[in-house]
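Participant: Please construct the entire structure, taking both the sequences and the accompanying hints into account.
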Amino acid sequence: MARHVLLVEDEANIVEAIRFILLRDGWSVSTHSNGATALDTIRSVKPDVIVLDVMLPNKSGFDILQDLRADPAIGNTPVLMLTARGQKKDRDTAMAFGANHFMTKPFSNSDVIDVITRLCDDPT
Amino acid sequence: MDSGTTPGQRVRKRRMDLGVQQAALARKIGISAAFLNLIEHDKRRIGHDLLNALAETLNTTRHDLQHGADGALVDQLMEASVQTSLEPNLRKAQELAEQFPDWARLIAAQSDRIKAVENSLSNLSDRMAHDPFFSDTLHEIRSAVTSIQSTSSILVDAGDMDPNLDRRFRENIYGDSLRLADAMQGLTDFMNPDANTYADIRTPHEEVFAILQKTGFHISDLERRDVRVADVVDQLFAGVSLSARSIAMDYCAHYHRVASVLPLADVLAMVRHYGFDLAALGRDLDVGFPVLFQRLASLPPIDDLPSLGLVMSDASGRLVHWQPCLGFELPRAGFGCGLWPLYSALQMPQAPQRAVLSQIRRAASGAMEQTPVEAFAVAEQVGTLGFDRRPLYRALMLLVPMDTQPTTAPQAVGTTCRVCQSATCFARSEPSIVKEGF
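Line by line, the protein sequences give chains A and B. Throughout the first sequence, residue numbering follows the working numbering, covering 1 to 124 in sequence. Throughout the second sequence, residue numbering follows the working numbering, covering 125 to 562 in sequence.
The hints are simulated quantities; they were obtained by calculation from the structure and are not laboratory data. Where hints are given, some of them may not hold.
Not the full set, but computed from the structure, chain A residues with beta-carbon under 7 Å of chain B [said to hold, decoys possible]: (1) E11; (2) I14; (3) F102.
Quick reminder that beta carbons are idealized off the backbone N, C-alpha and C, glycines included.
Facilitator: Written out as structure tokens, the structure is:
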């Protein structure tokens with residue numbers, strides 16, 4: 001059974017590109033673009049890995065990450081955070097809130113696939 | 125130019141340096157020799173137009189006649205020395221200004237330029253750190269670049285791709301490239317709206333002040349009741365930032381309201397009758413002091429009336445309006461001297477304050493010089509009152525140059541702590557760059 005990735009990202013063209021390369025590599029992919037309802041989708045989809053953007057409409061990726069880690073049912077899901085802001089304080093915040101990996105836009109497709117694969121195999 | 129101690133003495137010294145007879149100068153500027161003699165001996169005030177004529181005829185500037193070139197130059201040299209590792213030394217600065225005035229002016233000009241660039245960089249840095257537009261635009265650019273990079277990478281790596289998907293990805297790249305171009309244009313406009321130099325990047329209040337200064341703080345178009353304030357602002361403040369336009373709009377709307385309530389002719393008639401007896405003026409014109417202060421400070425230059433100064437601060441004490449007058453130097457933005465009645469008024473909003481002030485300055489000659497001014501201050505409430513919040517005040521201080529010597533000793537005050545020469549001031553909030561105090 002294909003491993004499942006949930007993309008929480010509101011940039012439609014980025015979603016389309018990442019979704020394409022993941023599907024091409026044999027992953028199962030769901031997408032979600034609204035920060036306010038992202039946790040509900042995570043709970044229902046139960047993905048193997050979450051790719052989570054920081055700047056989302058209605059609720060930030062940092063807030064979603066905090067709520068995710070506080071929920072025992074889904075709290076251990078590996079999270080790759082994406083951000084268009086490359087400041088050190090954003091990276092520090094993401095790691096402090098429990099992100100497994102942090103990537104700054106722009107990134108290469110192969111790096112995204114490598115990190116998602118690694119997080120799925122060994123989140124630590 | 126030797127500074128002398130008063131404008132009249134400076135006129136006399138300048139005339140004598142040029143070898144011009146008193147009668148010849150008087151004839152050239154269209155006044156009697158007797159009147160010029162009174163001016164040179166400080167028995168008569170020098171009006172706005174007359175000062176301009178004297179400056180032009182004596183081949184100097186209005187500022188140098190009013191304030192003395194060397195005193196200001198020495199201050200600038202002291203400031204310049206602080207920018208380097210040089211220990212500020214008043215005596216050496218005076219020697220430099222006296223013996224090598226051209227070199228001293230060059231140093232002062234370069235120092236001003238450095239300060240302007242530093243100020244601009246500070247403002248720019250502040251904008252980059254805190255402006256939401258800048259942050260959003262950078263986010264937009266990064267997102268568009270990410271999308272283009274990911275999508276084009278797919279097209280490069282793909283072998284036989286479904287033609288529909290291929291077309292779809294190409295359209296996405298094109299769409300993102302347009303997004304990127306828009307964002308870049310917005311960023312370019314934001315970073316450099318009309319400016320060609322760093323020095324043109326100023327705070328919004330400084331942008332407004334620079335234009336008001338050119339008008340002499342009198343805007344004749346706003347004296348007309350039927351004028352549309354927005355049209356005046358569009359014309360007078362064309363090219364300023366949005367924030368500066370907002371400040372200018374508030375200023376001009378208030379100016380227009382005040383001018384409508386207090387027509388220029390009425391105010392001038394009252395001033396000619398009472399002089400600057402503010403209590404009588406307020407009573408007969410039937411307005412409060414804040415409105416009166418602002419109206420008097422917006423009078424046009426008239427020969428027999430001194431130009432008044434006006435300082436306004438917000439509730440934090442930060443200066444939001446700084447209109448200088450003869451004999452009283454003001455800092456540009458920031459905070460003034462803690463001894464000004466402006467700040468006493470802010471502490472006691474219901475109590476108008478009056479004081480005779482003098483800013484003691486050391487001229488290049490080493491002599492102390494001072495020009496007393498009468499300062500009137502009051503604080504007024506801003507916004508609407510509410511039961512669940514404390515009232516907020518702003519303070520206004522009107523500065524009236526004195527044409528007679530005060531009967532009591534004026535209170536010595538400074539400009540701002542950084543350039544104040546007072547060695548023992550209890551109100552000091554930061555060290556002075558001037559070591560030798562009075």
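Participant: All hints are to be evaluated individually against the structure, with a verdict given for each.
Facilitator: Now the hints, each set against the structure:
1. E11: 5 Å, holds
2. I14: 5 Å, holds
3. F102: Status violated, d = 14 Å.
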